[in-house]
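Chemist: Required output: the full structure, derived from the provided sequences and hints.
2 protein chains.
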Amino acid sequence: MSATTALRSLSINNINPHVKEAKYAVRGELAVRSEEYRAKLAKGDTDLPFDQVIAANIGNPQQLDQKPITFFRQVLSLLEYPPLLEKEDVLLNQLGYKSDVIARAKWLLKTVGSVGAYSASAGAPGIKESVARFLEERDGFPADPKDIYLSGGASSGVNTLLHVICASPKTGVLVPIPQYPLYTASLSLLNAKCVPYYLDESKSWGTDIEAVKGAYQRAVDEGTDVRAIVMINPGNPTGASLSEDDIKAVIEFAAEKKLVVMADEVYQTNVFVGKFHSFKSVLRSLQKADAEKYKNVELASLHSISKGMVGECGHRGGYFELCGFDPEVQEEIYKFVSISLCAPVIGQCLVELMVNPPKPGEPSYELYKQEYDGIFSGLQKRATALYDAFRKMEGGSMYLFPTINLPQKAIEAAKKEGRAPDEFYAFRLLDATGVCVVAGSGFGQKENTLHFRTTFLAPGTEWVGRITKFHEEFMNEFR
Amino acid sequence: MSATTALRSLSINNINPHVKEAKYAVRGELAVRSEEYRAKLAKGDTDLPFDQVIAANIGNPQQLDQKPITFFRQVLSLLEYPPLLEKEDVLLNQLGYKSDVIARAKWLLKTVGSVGAYSASAGAPGIKESVARFLEERDGFPADPKDIYLSGGASSGVNTLLHVICASPKTGVLVPIPQYPLYTASLSLLNAKCVPYYLDESKSWGTDIEAVKGAYQRAVDEGTDVRAIVMINPGNPTGASLSEDDIKAVIEFAAEKKLVVMADEVYQTNVFVGKFHSFKSVLRSLQKADAEKYKNVELASLHSISKGMVGECGHRGGYFELCGFDPEVQEEIYKFVSISLCAPVIGQCLVELMVNPPKPGEPSYELYKQEYDGIFSGLQKRATALYDAFRKMEGGSMYLFPTINLPQKAIEAAKKEGRAPDEFYAFRLLDATGVCVVAGSGFGQKENTLHFRTTFLAPGTEWVGRITKFHEEFMNEFR
Chain S
1 MSATTALRSL SINNINPHVK EAKYAVRGEL AVRSEEYRAK LAKGDTDLPF DQVIAANIGN
61 PQQLDQKPIT FFRQVLSLLE YPPLLEKEDV LLNQLGYKSD VIARAKWLLK TVGSVGAYSA
121 SAGAPGIKES VARFLEERDG FPADPKDIYL SGGASSGVNT LLHVICASPK TGVLVPIPQY
181 PLYTASLSLL NAKCVPYYLD ESKSWGTDIE AVKGAYQRAV DEGTDVRAIV MINPGNPTGA
241 SLSEDDIKAV IEFAAEKKLV VMADEVYQTN VFVGKFHSFK SVLRSLQKAD AEKYKNVELA
301 SLHSISKGMV GECGHRGGYF ELCGFDPEVQ EEIYKFVSIS LCAPVIGQCL VELMVNPPKP
361 GEPSYELYKQ EYDGIFSGLQ KRATALYDAF RKMEGGSMYL FPTINLPQKA IEAAKKEGRA
421 PDEFYAFRLL DATGVCVVAG SGFGQKENTL HFRTTFLAPG TEWVGRITKF HEEFMNEFR
Chain Z
1 MSATTALRSL SINNINPHVK EAKYAVRGEL AVRSEEYRAK LAKGDTDLPF DQVIAANIGN
61 PQQLDQKPIT FFRQVLSLLE YPPLLEKEDV LLNQLGYKSD VIARAKWLLK TVGSVGAYSA
121 SAGAPGIKES VARFLEERDG FPADPKDIYL SGGASSGVNT LLHVICASPK TGVLVPIPQY
181 PLYTASLSLL NAKCVPYYLD ESKSWGTDIE AVKGAYQRAV DEGTDVRAIV MINPGNPTGA
241 SLSEDDIKAV IEFAAEKKLV VMADEVYQTN VFVGKFHSFK SVLRSLQKAD AEKYKNVELA
301 SLHSISKGMV GECGHRGGYF ELCGFDPEVQ EEIYKFVSIS LCAPVIGQCL VELMVNPPKP
361 GEPSYELYKQ EYDGIFSGLQ KRATALYDAF RKMEGGSMYL FPTINLPQKA IEAAKKEGRA
421 PDEFYAFRLL DATGVCVVAG SGFGQKENTL HFRTTFLAPG TEWVGRITKF HEEFMNEFR
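Protein sequence lines, in the order shown, are assigned to chains S and Z. Residue 1 is where the first sequence starts when you use the numbering used here, and the numbers rise one by one after that. Residue 1 is where the second sequence starts when you use the numbering used here, and the numbers rise one by one after that.
Hints in this document: simulated from the structure, not taken from any laboratory. All of these numbers come straight from a predicted model, not from anything done at the bench. Heads up, some of the hints might be wrong.
Which copy? The list can't say, so a pair holds if one copy fits it or any two copies do.
In the EDC-like style, the derived pairs of lysine to aspartate or glutamate whose C-alpha atoms are separated by at most 20 angstroms in a straight line are [unchecked claim]:
1) K106 / E86
2) K288 / D245
3) K469 / D431
Modeler: Have a look at this one:
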């Protein structure tokens, strides 16, 4: 027993080693430093070479300039304080609420009772029915509310699914690299194996099925029991949307090897190029064509209120739908979610509003559409500005996870500071410009490549220019 | 490989065995059956021998008759739809909002930005400062916001702490029996050892320090690395409040054996007999008297918005405060909570409102106090009615976790159905009366004793009479 452990029960040397191993760069040291800069600026500090911190490390639109959608928030205000419903004339004539806002609030209150009450563990039944209708309309195939589980954001859904799947230290899960680090962090916590497969940067970060097969085979050869494959579509951090053929190839492989497909589809409305195809719709089409081959494919597809035009991360809402799961396994999933009682009920209500927004002809539709389209075009404009900027950068790239080719001198300087070269670059970028990104190593990247990841939610495009200017100066300094 | 595993990736035989092992009776088979009865009644079914299902299995006050506190919910309505703040005259003159509601909403919005944005991972800084002030006032000792972590209900706090503490299958945590089954379920999931210590029914379910010491020693002798002790104060399901001396004895033992004290204090305002003493205040007093002996005691104390007069379970809010933890361990705790990003922000705001309610003289104070006292006296009335009923029941008990002494014939009938005798009793109670309780085995009980656990949140006291009538008939049937 060391001197430290003798003082207390817990020391860094004797806590859960899997917690220690987990890495989560999105909110790591760089993010902490950016918060310190933000606090300095708030106190009126003028020593820093910038007057604003740009949090491009995490998708947190409402911390930046994205306004919540009026219809959603008007409904939520009534759910939080139902006595307002007794003053319909005031709501309608003086506060600008429309009749469909009032009707929806009444319906949701009937469904959940009170937003201050626990719901059923897998979510309020009425809301799950609404999600099922949305999925049927989106995919053209039936959806059963009993297979839908409302969760506290997609993160909580991923945590549930991986908890059930990871049976032993030999269990492996195929994870795309680069990826949102939730997957690797969760697998570390569960002491299971992350089986990385590399996305193909030369093909718009598409999924190369041969890379998946190779990664699978190497893992199996090493004794790993590969049980699932994570697909992030559209991709985070790469922004790529998978083609129908790519999805088919993955499902075919999953059917053959009996892998659970975990389809992280939280960016399904953030599609600026190409078209979103849901895994469910492709799976059902394949099953229609060849029932025998595909009937037992297990698919879990996840969605969230945090992304897209909704952007309500702070409300922690989402859901996952299961297809083809063994009923006994579903019972265990139910038990697992019941241990944390239920997802936040106001977040469940936001899920309902997201999947069932105002329709053409309804009183709130015009404003809803105007706000939705406004957010969409703002995101598109910034994505395009970044795309153009990165393309023009020396050694730059075409995607929102740009490659950076650093001079040898910079790599040596990083080494001296005990940092990976891309981390060194990201810290220098933050120190010089106030723009906080995530080093590519936080998301994973092929050996001997360097990237950084930036979101495109910050207002305006001026800060994009700060990045390109910094990059030029950095390259000149270390050339 | 069995036939089942050949069909799919996941079967009941190959999923995470620790998920399978976890038991969570509060939302188990009995609760599921009660939901079926509720659905039947809602459809107009008249076949059942009761016309109402009483959910006494789980503390869910707003599903029953507890109304949310007006001040809280008025503030939340403004947080959800901030443009209402531009209509102060309407709020004040037509909707009954007071000026302190508006001021608080403005302050909270300044603190969190938007309730739709992620906050810092351990919670919004301004809210943590407010919690610290509350703790200072409650305990008379300083509290540091950096040691406060806002969580999605106390369950999520318990999950975080146990995740960090449980380092290996040898790690043990002392847990009171009976207990709220979250602790045993979480330890099962983490593949750690639950080290049960039995509360003393003969002494109002108090903590018998000798029982704790005995349980500790037996576990250590068996090779268990006991690292922490869970204290539930006031007790769930027993309702007992610990005396200051009992708390001192536990802290002294924890100091001697270097155990983390996890003080679950979510019922701190539900005290009908005796007085609540916080572990923090007792610890700081002990440290004042003997700094050397107590300086390194690690205490994590948890609180929640779900219980007491707040009763906002559906909003999933709570916090824990750490005292005496190693800073490196606290960094790992921070990293762990950052993986799930942050607690629901509207729930964080409710934590702020709970710890900082209207004060005497402020515009909302009168109504707040009236509502608070009304809920308190309703709870007290029902607790007393149950206490009286259980005392009068044959073989009954004085506590809200009553002993049931079942006739041999009933025990045999239970065996035939493959159920534990107390489960058999609870199912019969539900089938006959619509009252859903939890069998004592779900909370843990000494061998050869039987109990059931009931909450006392359901409106009225008529249903208490249903229980006593059933009990009499049941005893007569199986005598």
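Chemist: Now tell me if each hint is right for this structure.
Modeler: To see whether the hints hold, each was checked on the structure:
no., hint, result
1, K106 / E86, "within (11 angstroms within a copy, 24 angstroms between copies)"
2, K288 / D245, "within (16 angstroms within a copy, 70 angstroms between copies)"
3, K469 / D431, "within (14 angstroms within a copy, 73 angstroms between copies)"
In summary, the structure agrees with every hint in the numbered list given earlier.
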